[in-house]
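As a plain string of letters, each chain reads:
There are 4 protein chains.
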Amino acid sequence: MPELAEAREAIVAAGQRLDRFGWVPATAGNISVRLRDGTVAITRSGGHKGFLDADGVIRVGLDGRSLREGDRPSAETGLHCGIYRRFPEAGAVLHGHSVPVTVLSRLAGESIRLEGYELLKAFPGLATHAAAVELPVFDNDQDIGRLQDAVETRWGGAASVLPGYLLRGHGIYVWGADMPQALMRLEAVEFMLRCELEARRLS
Amino acid sequence: MPELAEAREAIVAAGQRLDRFGWVPATAGNISVRLRDGTVAITRSGGHKGFLDADGVIRVGLDGRSLREGDRPSAETGLHCGIYRRFPEAGAVLHGHSVPVTVLSRLAGESIRLEGYELLKAFPGLATHAAAVELPVFDNDQDIGRLQDAVETRWGGAASVLPGYLLRGHGIYVWGADMPQALMRLEAVEFMLRCELEARRLS
Amino acid sequence: MPELAEAREAIVAAGQRLDRFGWVPATAGNISVRLRDGTVAITRSGGHKGFLDADGVIRVGLDGRSLREGDRPSAETGLHCGIYRRFPEAGAVLHGHSVPVTVLSRLAGESIRLEGYELLKAFPGLATHAAAVELPVFDNDQDIGRLQDAVETRWGGAASVLPGYLLRGHGIYVWGADMPQALMRLEAVEFMLRCELEARRLS
Amino acid sequence: MPELAEAREAIVAAGQRLDRFGWVPATAGNISVRLRDGTVAITRSGGHKGFLDADGVIRVGLDGRSLREGDRPSAETGLHCGIYRRFPEAGAVLHGHSVPVTVLSRLAGESIRLEGYELLKAFPGLATHAAAVELPVFDNDQDIGRLQDAVETRWGGAASVLPGYLLRGHGIYVWGADMPQALMRLEAVEFMLRCELEARRLS
Chain A
1 MPELAEAREA
11 IVAAGQRLDR
21 FGWVPATAGN
31 ISVRLRDGTV
41 AITRSGGHKG
51 FLDADGVIRV
61 GLDGRSLREG
71 DRPSAETGLH
81 CGIYRRFPEA
91 GAVLHGHSVP
101 VTVLSRLAGE
111 SIRLEGYELL
121 KAFPGLATHA
131 AAVELPVFDN
141 DQDIGRLQDA
151 VETRWGGAAS
161 VLPGYLLRGH
171 GIYVWGADMP
181 QALMRLEAVE
191 FMLRCELEAR
201 RLS
Chain B
1 MPELAEAREA
11 IVAAGQRLDR
21 FGWVPATAGN
31 ISVRLRDGTV
41 AITRSGGHKG
51 FLDADGVIRV
61 GLDGRSLREG
71 DRPSAETGLH
81 CGIYRRFPEA
91 GAVLHGHSVP
101 VTVLSRLAGE
111 SIRLEGYELL
121 KAFPGLATHA
131 AAVELPVFDN
141 DQDIGRLQDA
151 VETRWGGAAS
161 VLPGYLLRGH
171 GIYVWGADMP
181 QALMRLEAVE
191 FMLRCELEAR
201 RLS
Chain C
1 MPELAEAREA
11 IVAAGQRLDR
21 FGWVPATAGN
31 ISVRLRDGTV
41 AITRSGGHKG
51 FLDADGVIRV
61 GLDGRSLREG
71 DRPSAETGLH
81 CGIYRRFPEA
91 GAVLHGHSVP
101 VTVLSRLAGE
111 SIRLEGYELL
121 KAFPGLATHA
131 AAVELPVFDN
141 DQDIGRLQDA
151 VETRWGGAAS
161 VLPGYLLRGH
171 GIYVWGADMP
181 QALMRLEAVE
191 FMLRCELEAR
201 RLS
Chain D
1 MPELAEAREA
11 IVAAGQRLDR
21 FGWVPATAGN
31 ISVRLRDGTV
41 AITRSGGHKG
51 FLDADGVIRV
61 GLDGRSLREG
71 DRPSAETGLH
81 CGIYRRFPEA
91 GAVLHGHSVP
101 VTVLSRLAGE
111 SIRLEGYELL
121 KAFPGLATHA
131 AAVELPVFDN
141 DQDIGRLQDA
151 VETRWGGAAS
161 VLPGYLLRGH
171 GIYVWGADMP
181 QALMRLEAVE
191 FMLRCELEAR
201 RLS
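Residue numbers (the UniProt record's numbering), protein chains in the order written: chain A, 1 to 203; chain B, 1 to 203; chain C, 1 to 203; chain D, 1 to 203.
In isolation and in its complexed conformation, chain A is listed as follows (with noise of 0.2 Å):
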């Protein structure tokens, strides 16, 4: 678990690659990780994330409120924090907005079924292409507590939930261990479903 210092480095890092990529448009998305003392650091609200500095990024208790008079994080920090609760093992989150994303899952029902690819092997406990995961698609809801609330009905008591799921119209949230293994399964999703999203014109 990093300190803070490191911690901004690979926010603001992160930020940029995915800015690159597209995927934090028009200040939208946030990205934030656990630290060594349990708290985390995570974007403040309404900044460009491809254009980060260190000011950019401001820490937050397990509950979601700023630790520091005046800091405004994100709108989104309940789904962070949710994420931080449920699975000791996240230390690195990361939500973005792609094309492929916001219309596949405006077209989506409950989940997206991705099968028989070689990247799923990015997801746990999947070594193998010949597997398939449902990535699941909640609602779009301004009310972050009900969102989460959605979000951790469907997690339900399960042993293994899948690091990852969608808000319909909005974007995708996909966390792992650290950061650099939160950042491969965000590119190995938005590949898959640059694909999904390729193949469904064909048809």
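In short, the hints are calculated from the structure, not lab data.
Same chains, same names: a pair is fine if it fits in one copy or spans any two.
Here are the simulated SDA-like pairs of lysine to any residue, each with C-alpha atoms no more than 25 Å apart in a straight line:
#1 121 to 56
#2 121 to 90
#3 121 to 199
#4 121 to 55
#5 121 to 162
#6 121 to 149
#7 121 to 200
#8 121 to 178
#9 121 to 17
#10 121 to 21
#11 121 to 134
#12 121 to 156
#13 121 to 150
#14 121 to 132
#15 121 to 139
#16 121 to 70
#17 121 to 141
#18 121 to 146
#19 121 to 157
#20 121 to 44
#21 121 to 155
Remember, it's a predicted structure, so these values are computed and weren't measured experimentally.
Got chain A sorted already, so can you dock chains B, C and D onto it with the hints?
Okay, now just chains B, C and D, sitting in the frame of chain A:
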């Protein structure tokens, strides 16, 4: 409101970002900022907006006329100044050309409807994704004065006007209180229009 | 008209920009500039046009023959020189390969019609978007002399010829008075062809 | 044939270029070079191929086994070494994942036919666009030994074999005499497959 030197930097940087996205191809597009003294800094006619230097930005009055002999402002200066005159809160105007804007505007009638997108929150007065906006589309016209009249007629005397519109087969105009807000709104609209284009292909 | 050193810089920079767009894949494409002494600076055969250095640019006469023993000019030098001989005002020629050019030229007959685009103003004599241009398409041919004959036959003795044409399944040739104008025209045509490709998918 | 240090530089640079195109997402893909002493430099298992440093490249024998205790070579090392053993002229092998490769291989039977493209000239023995190539497609398989057997069966004892093949839903393998030639061939195939994908959408 910035002074000329600061405005020039903002315009040069905005041009580079728009060029990175492919939104200012072939010397098309133009960018302006309202200055502290009430005049307007705007890109000079004809240069490539992706490679501007300080010389590529000149000053015009609110009537669109250049303030220095020999300076030729962007052809569409009248549209920028029309926005600054009508909306005192407007501090920066961006005009770009993208493939989704060009293709969708040619297929559209008087407007393009955007709904259900989280990024609609980029527009003033829309704090939820559950709203819809109608993005006005105007027929292209080489007579800028006549075009500006058509735009003002559509705006009418409304208290609240969407800070953007499309010119058919040509491009998009978006504005904001300052350059970061204008850039953010342009990114948001371009993202949603990319989603619209992708979604239509799946029909 | 530039000297060799200046022309080399312009060609190297143009190659980098074309590579950024993906328009010079796999050592394909070539770039030339007319020099002050009437000879032509052109990319050497075989190198990747995205990573040129000064050595990658050699001199040929207007007849297409290299002026230094051992220099192998680009395979399609005859097409570049054919343009320079026919059009005294031509100062730079760009040849690239893009996906829209390749796909649309394979579906086209003798030409591709572009109309209603603001960017048509990039072509000489077209000050309005209300015009239309017919972009000539020629069957590909490994015999460059025969191909140049076909091109000259289509040009005929017309006073005004569109400064560009397509080779089926191969690529595009565009020229201008200098490198900035050639680059501007190439960007404009590539943009419009991307729009055409997107629009056709919606049918 | 290079020494290890030179091979490492070539592999690191190739990884950056492939990452720029989005061809090595999520730690997928792998890159190798045959060394002067007959062994092979190959990317280590698990790292992101877009951000390699010298440590990310290790040495293996022609049998695929790492030459230093503790080094874990890329999972698909057996496929790289199978190419080096069968083709003495092969000096570099690239394995990437692209959206066109993934989507088209899932729709294909035993091969994908490419014809009429100028870029077919990137393949040995094809000096004209009028030829056609059949790009082999193999079912994906986590058992690399079994997969290599299937590949060698398809190659048979033919004097001339196309320097590339696809793994269904997985990715592409391409090789050449050295890294520049391997990169050039990969760019050519990826370009033609992007054209194929676009063309199929228009049907």
